[in-house]
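Number of protein chains: 2
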Amino acid sequence: MNKLLKNCLESEDAIHKISKEINIDLQKAKELFAFISFYFPLLMKMELRIKKLNSKLKSKNKLIDEALKYFAHLNSDGKFLRGTLIALGYQNSGKKDDDFLDLSIAYETFQTAILIHDDAIDKGDKRRGKPTINSIYKDKFKNIEDNEHIANSLSVCIGDLGFYMANQFIVENYYNNPNLAPTLKYFNDIVMKTACGEFVDVYLPNERDIEDVEPLIMDIYKMKTAIYTVTGPYCLGMILAGDNDTKEIEKILMDIGVAYQIRDDIFGIYGKHSLKSVTTDIEEFKQTILYSYAIRTPYKDELLKYYGKKTGKKELEKVREIFINCGAKEYAENKMKKLFNKARKNIEKSNIKNKDALLGLMVYLEVSSK
Amino acid sequence: MNKLLKNCLESEDAIHKISKEINIDLQKAKELFAFISFYFPLLMKMELRIKKLNSKLKSKNKLIDEALKYFAHLNSDGKFLRGTLIALGYQNSGKKDDDFLDLSIAYETFQTAILIHDDAIDKGDKRRGKPTINSIYKDKFKNIEDNEHIANSLSVCIGDLGFYMANQFIVENYYNNPNLAPTLKYFNDIVMKTACGEFVDVYLPNERDIEDVEPLIMDIYKMKTAIYTVTGPYCLGMILAGDNDTKEIEKILMDIGVAYQIRDDIFGIYGKHSLKSVTTDIEEFKQTILYSYAIRTPYKDELLKYYGKKTGKKELEKVREIFINCGAKEYAENKMKKLFNKARKNIEKSNIKNKDALLGLMVYLEVSSK
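Respectively, the protein sequence lines represent chains A and B.
Residues in the first sequence are numbered consecutively from -9, following the numbering used here.
Residues in the second sequence are numbered consecutively from -9, following the numbering used here.
Source of the hints: derived by calculation from the structure; they are not laboratory data.
Take these hints with a grain of salt, some might be off.
No copy labels: a pair is met if it fits in one copy or bridges any two.
List of simulated lysine-lysine pairs, BS3-like, C-alpha gap at most 30 Å [stated by the list, open to error]:
| id | residue 1 | residue 2 |
| --- | --- | --- |
| 1 | Lys241 | Lys343 |
| 2 | Lys7 | Lys300 |
| 3 | Lys304 | Lys113 |
| 4 | Lys86 | Lys328 |
| 5 | Lys237 | Lys345 |
| 6 | Lys295 | Lys130 |
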């Protein structure tokens, strides 16, 4: 889609083309256009800036120097969606300057750090199309017993280092900024909530006997997706600009973040990518909103025949049917649509300045993995 | 020893008693007395303050609430040695107030967080005499395959959370302090170096073919012990007090920290505690200064017959003999003594205000695990 959007930028009838190609109405296409007109030029700036940061990651200690190279390699080619939200929040104050850029870069670096921990936890092999840190060291120590644990342990250390590189980048670049303390306070809070969300996300698949699990799932959605990805960065940008009036916008963006995660979970079962991408949630016993709805219906026992087990094409179709028949899919879709619509209405009647770009971001999130 | 020292505080002939009981000269006993007279009353204050912090660690999410309870339980009963160094550094500026206390508590909390990661890495069972976080969750999920990895993953999340609780405690308590930015900058640097030290420490036992390994070992000593335990906290206290002139004292304290680690490594082989405590370094192939000296002598091959292998009483005696015969023990002892003496001379001729207490800390480190 990104390529299409880039082409559109150069075209005169961009909005019509967007509307037609991804099948959304003209109003949404107009908003999406507003967002990408903001997003793409900024993306280039952020990519340049993070390259500069990465080029400075060096150490005289050869082992650390090597680790820093791996970190730098991962700390690039991100979508900078969160960095873009920081920019939107910052410029909502009326400021036109680029002083948010280093905060965006710091956020991206924090993201790289927590993804390194996440990959060690999930034993993931690929991230941003590149080998993960844990997979690199696992391979390096392939002749040693317990190499997976060693690789994960090294990932823990590199992640810890990355967190404090991000912190330091904020402190150094906003050393004399009067908004340093409130910015850090808000940032710390985002990271704490993200870590809590990750904790519950790791915990839940191993605790299968919680009856009313939806509140815990909603906690994950809020902490690990909505705050970390949407609300957090936008409001962080506001606070850097000196605007601490985040309460209203936090509520609005929380709805977008949760809706985005529900959408992700529906795609996690009904998506059209590889078989692996639509069987992972099932095999890993991921407790999504679909799951939590289904186990409160008479379909529970049938679902549990398949959930958490090896899943082929046949089993996938069975689970898909169960989620449809018990009403879970409809429930999730309605909840998602409701939240997106509520957010739209709230943005429209709010005093947010750059409404079209924010609505466009929402459209981007709604369509981005189609 | 702590009990003895506490009794001494109440005794009139304390210094003589200290000198006699732990067999050090009167001058050193006087210094040690100065240190403990500073240390013990402070210890009680810090214990009270951290209890208050811990009592606030609550969450509406029951899984996170449980994790916070485990964190709070671990985040107590520490020795607060680093917190005491912060106090010494802070009061070296001439300030008499207690405003360093929250920084000491934050440092202790950061320490708890990094120890949780360290325990997951080392698969440790006990910390501060209590079960580690990883061992608690390993037990909780004992019926689940891969429970060790799940427990370690949850420890990673809780450690991450702990890091940012420590950061947040600094930001919140020094929100309007003009020294917040330099304090955080220095703090971030300490944590980054500690993480790097931990990284090399995890890496080295798996890379046994480095010829000249002593520089890498010295890097661990500096980063993971000297900076994290001695230099870092003292200078952090100075900076909080507004004194940024840390260069000279950093050098002095670095020597103490390295000497302390060398002493620890000698005790790691020749200590008089349990057999387990003096065979761990050998079994884990820990590359200490003893090891790095020995492998550059003709005793290398003989050492490698035992190093990194299961170690009983007989094998331990063999390794002990090798380290003596090849000259490694003498080399390490001389290096340690030289560094302690150098630090003593440098402190004496420096313009540090509370010299006796700092020298007393050095004596404390010299004798503390006897």
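Hint check against the structure, violated hint numbers in rising order
The structure breaks hints 2 and 4; every other hint is satisfied.
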